[in-house]
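Engineer: These protein sequences, in sequence, are chains A and B. Just so we're aligned, residue 1 is where the first sequence starts under full-length UniProt numbering, counting upward by one. Just so we're aligned, residue 1 is where the second sequence starts under full-length UniProt numbering, counting upward by one.
Treat the hints as calculated values from the structure; they're not laboratory data. Since the structure is predicted, the reported quantities are computational estimates derived from the model, not experimental observations. Some hints here could point you the wrong way.
DSS-like mimics (lysine-lysine), calculated; alpha carbons at most 30 Å apart, straight line [said to hold, decoys possible]: (1) A/Lys-80 to B/Lys-126; (2) B/Lys-64 to B/Lys-124; (3) B/Lys-2 to B/Lys-253; (4) B/Lys-253 to A/Lys-74; (5) A/Lys-80 to B/Lys-250; (6) A/Lys-80 to B/Lys-256; (7) A/Lys-74 to B/Lys-2; (8) A/Lys-495 to A/Lys-56; (9) A/Lys-80 to B/Lys-2; (10) B/Lys-124 to A/Lys-56.
Chain B is faced by these chain A residues, among others (derived, beta-carbon under 10 Å) [said to hold, decoys possible]: (11) Asp-78; (12) Asp-345; (13) Glu-405; (14) Tyr-412.
Residues from chain B that keep clear of chain A, each with C-beta distances beyond 10 Å, as calculated [claimed, not checked]: (15) Glu-60; (16) Phe-94; (17) Asp-175.
The beta-carbon is built from N, C-alpha and C at its ideal position, and this holds for glycine as well.
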Amino acid sequence: YSTGTGNYFVWSVSSLLTCLFSSLTFIFLDWMPSNKSVSDAPITQFVNCRILREHKLQREDLWVREGKILDPEKLFFDEKGSADQRVDCEGLIIAPGFIDVQINGGYGIDFSQATDDVRGGIALVAKKILEHGVTSFLPTLVTSPPDIYHKVLPEVKVHSGGMEGAGVLGFKPLRFISLLYTVEDISIQLISVYDIMIFFQYLIFLKHLSFANLLFLFSSTSLPLFHCPGFHLEGPFISLEKKGAHPEQHLRSFLSDGMSDLIETYGTLDNVAMVTLAPELPNSQSVVRELTQRGITVSLGHSVANLSQAEDAVRYGASFITHLFNAMLPFHHRDPGIVGLLTSDQVPQGRTVFYGMIADGIHTNPAALRIAHRAHPTGLVLVTDAIAAMGLPPGRHTLGQQVIEIQGLHAYVAGTKTLCGSIATMDMCVRHFKQASGCRVEEALEAASLHPAQLLGISHAKGILDYGGDADLVLLDDALNVRATYIAGQEVWRKLHHHNC
Amino acid sequence: MKLIILNDYDQVGEWAAKYIRNKILRFNPGPARFFILGLPTGGTPLGCYKKLIEFYRNGEISFKYVKTFNMDEYVGIPRNHPESYHSFMWNNFFKHIDIQSENTHILDGNAANLIEECDSFEQKIKAAGGIDLFVGGIGPDGHIAFNEPGSSLMSRTRVKTLAQDTILANARFFDGDMSKVPTMALTVGVATVMDAREVMILITGAHKAFALYKAIEDGVNHMWTVSAFQQHPQTVFVCDEDATLELRVKTVKYFKGMMHVHNKLVEPLPPK
Chain A
1 YSTGTGNYFV
11 WSVSSLLTCL
21 FSSLTFIFLD
31 WMPSNKSVSD
41 APITQFVNCR
51 ILREHKLQRE
61 DLWVREGKIL
71 DPEKLFFDEK
81 GSADQRVDCE
91 GLIIAPGFID
101 VQINGGYGID
111 FSQATDDVRG
121 GIALVAKKIL
131 EHGVTSFLPT
141 LVTSPPDIYH
151 KVLPEVKVHS
161 GGMEGAGVLG
171 FKPLRFISLL
181 YTVEDISIQL
191 ISVYDIMIFF
201 QYLIFLKHLS
211 FANLLFLFSS
221 TSLPLFHCPG
231 FHLEGPFISL
241 EKKGAHPEQH
251 LRSFLSDGMS
261 DLIETYGTLD
271 NVAMVTLAPE
281 LPNSQSVVRE
291 LTQRGITVSL
301 GHSVANLSQA
311 EDAVRYGASF
321 ITHLFNAMLP
331 FHHRDPGIVG
341 LLTSDQVPQG
351 RTVFYGMIAD
361 GIHTNPAALR
371 IAHRAHPTGL
381 VLVTDAIAAM
391 GLPPGRHTLG
401 QQVIEIQGLH
411 AYVAGTKTLC
421 GSIATMDMCV
431 RHFKQASGCR
441 VEEALEAASL
451 HPAQLLGISH
461 AKGILDYGGD
471 ADLVLLDDAL
481 NVRATYIAGQ
491 EVWRKLHHHN
501 C
Chain B
1 MKLIILNDYD
11 QVGEWAAKYI
21 RNKILRFNPG
31 PARFFILGLP
41 TGGTPLGCYK
51 KLIEFYRNGE
61 ISFKYVKTFN
71 MDEYVGIPRN
81 HPESYHSFMW
91 NNFFKHIDIQ
101 SENTHILDGN
111 AANLIEECDS
121 FEQKIKAAGG
131 IDLFVGGIGP
141 DGHIAFNEPG
151 SSLMSRTRVK
161 TLAQDTILAN
171 ARFFDGDMSK
181 VPTMALTVGV
191 ATVMDAREVM
201 ILITGAHKAF
211 ALYKAIEDGV
221 NHMWTVSAFQ
231 QHPQTVFVCD
241 EDATLELRVK
251 TVKYFKGMMH
261 VHNKLVEPLP
271 PK
């Protein structure tokens, strides 16, 4: 600060203002004594909504704090606390955020292609599928040569909370960072009315944020945008006859030691959540057992296994069927094949076999969908199996090592009539499933949230709206159109042209 | 005593809620002047609570400056057990209105020292300035709160062992399994309720009829503890037709004849 009488005047006024404002800060901080003993984090109460809880839509408020669902009774009696913010949902349904365990890409991004920006590609798809209500997903890689796996898999570091994406905050971070400097600096900053307004906003904001929260806000501009438990590796250890759209030249079978073959192909299993393989391949049992022991979900698919081979695999730990009916032997009354797992009595006690269904109206006839649903309703998991072309206009696009062609809602291997994936979105699948099966709204929503969470073993935190669970939410109207999506209690997408939450 | 006789359960709930509403509005509570309400649990007051919630939603009443003291709570079941009276009050009343948690008081059945808990509850009532209106129900054996037959009419908040009848009556909330019903409870005493400036008792159903008869037509007797309120200067009994089945025709006619006067108490108040 340079010398001069005028400047001394400014300096003394600034000091006065500093004292005034810093004392105001303390007054504000003490004025509203904390009404919560456990945490000062802001509490949001979603009112005027129906929430999916205990398999029913209940007319209840939903309380969220620090990204988790809060028990309001405990808050009331133990902490004597109340909500800081109320969100009026105008009668909408709140369901747990959808979980897609089979998605190959979208919006031009193909997860199976080794690009320079794998993380960016995944983050882009993650952001776009929020519009479909999907808050967690497994990026899926189709059969590819080993170098693709070696390049792509390590790119994504999966840690317990999941991957993080770019954050969205509603105010200017820089101004606030400057306000975190010394008090003297604040006085220098307070030159314009604008700064004063910002400062008062800051004080009011302080009332609701603990210092810990402030540190979090400014230590990183990231907020988790989606949850990624890991990759789903569909292939290459699958059957030749049922390869579907997978490239034949990259199919593999297990040599003498299945696991080392698998690890050699994939490079690493660190970021893998699910592997689809054909159980009739020799040496697959040890692989199934080992993968299960490592906490990786084993799925049966692209296979010509008979029922007994499939049941063996389930005994060794397999718990999922990749897109039921597609790329497997059709149901036969003397050997139901993999489809027979739905009603098999050889499934070990306490375990459930889940099965993925692409309910886009194309991959499965609605009558077949109904048969599967009625045979085993609690195991149905909706998947999109969406390909890179999902979200894009009709035409030619690349999937894995092949070229595909979009015609309307169909996606074929170019030049053939073989389906190679769908371009339906998850919310479309939920709506179609409900309409085709005639099931209740709750069942349709659970097929996209609770069941995949149970399959992945994360249903203590995801796929449910129980106290302590993660507040990944999707708000829908009665026709099951997505109106808004929340991750960790923060709104991450809202449908425009509507003035509700 | 005022005896208000209405046609059915729903009307009883509505009349009682309107009475409470008018009482609070006339009192005009504020930050320095809270309205102290004593509250019951059970099937009888549920209709009344629903109506009060409706009045809150319509903007007719606010509970911001109301303090509540509940009558009783089971001993030994977790606070968040679905049958605890904390859960009952939260689910059926508190979560729907704008009452502050620090203004609600329910006995803690899991307190380390139950006697101290009871004593401090009495102190809290005293500190709040005493109860303006204590709402209660009646058991088939004529008990008020958990003051079972034989409870002293001068009793204060204390631990009580529950009577067989009460355990039987409550078994329906515990999957019909009597072994799951708690056997002890903390309860306000008869004298605690008598200290309130006004008392309102809700009675519905034929199974309560004999208890109502004993309460108002027979003598004051510690075997029918509700009869103590014959000696309270400001008591209102609100009941339905079925509950009057054991009363004398003369009594019923007398009080029905006064309904046009009593109904004035529940008319909507003129706007200020």
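Engineer: Compare the structure with each hint and give your call.
Structural biologist: We went through each hint and held it up to the structure:
{"no.": "1", "hint": "A/Lys-80 to B/Lys-126", "verdict": "22 Å, holds"}
{"no.": "2", "hint": "B/Lys-64 to B/Lys-124", "verdict": "18 Å, holds"}
{"no.": "3", "hint": "B/Lys-2 to B/Lys-253", "verdict": "13 Å, holds"}
{"no.": "4", "hint": "B/Lys-253 to A/Lys-74", "verdict": "49 Å, violated"}
{"no.": "5", "hint": "A/Lys-80 to B/Lys-250", "verdict": "51 Å, violated"}
{"no.": "6", "hint": "A/Lys-80 to B/Lys-256", "verdict": "44 Å, violated"}
{"no.": "7", "hint": "A/Lys-74 to B/Lys-2", "verdict": "40 Å, violated"}
{"no.": "8", "hint": "A/Lys-495 to A/Lys-56", "verdict": "25 Å, holds"}
{"no.": "9", "hint": "A/Lys-80 to B/Lys-2", "verdict": "38 Å, violated"}
{"no.": "10", "hint": "B/Lys-124 to A/Lys-56", "verdict": "41 Å, violated"}
{"no.": "11", "hint": "Asp-78", "verdict": "8 Å, holds"}
{"no.": "12", "hint": "Asp-345", "verdict": "32 Å, violated"}
{"no.": "13", "hint": "Glu-405", "verdict": "56 Å, violated"}
{"no.": "14", "hint": "Tyr-412", "verdict": "54 Å, violated"}
{"no.": "15", "hint": "Glu-60", "verdict": "19 Å, holds"}
{"no.": "16", "hint": "Phe-94", "verdict": "6 Å, violated"}
{"no.": "17", "hint": "Asp-175", "verdict": "17 Å, holds"}
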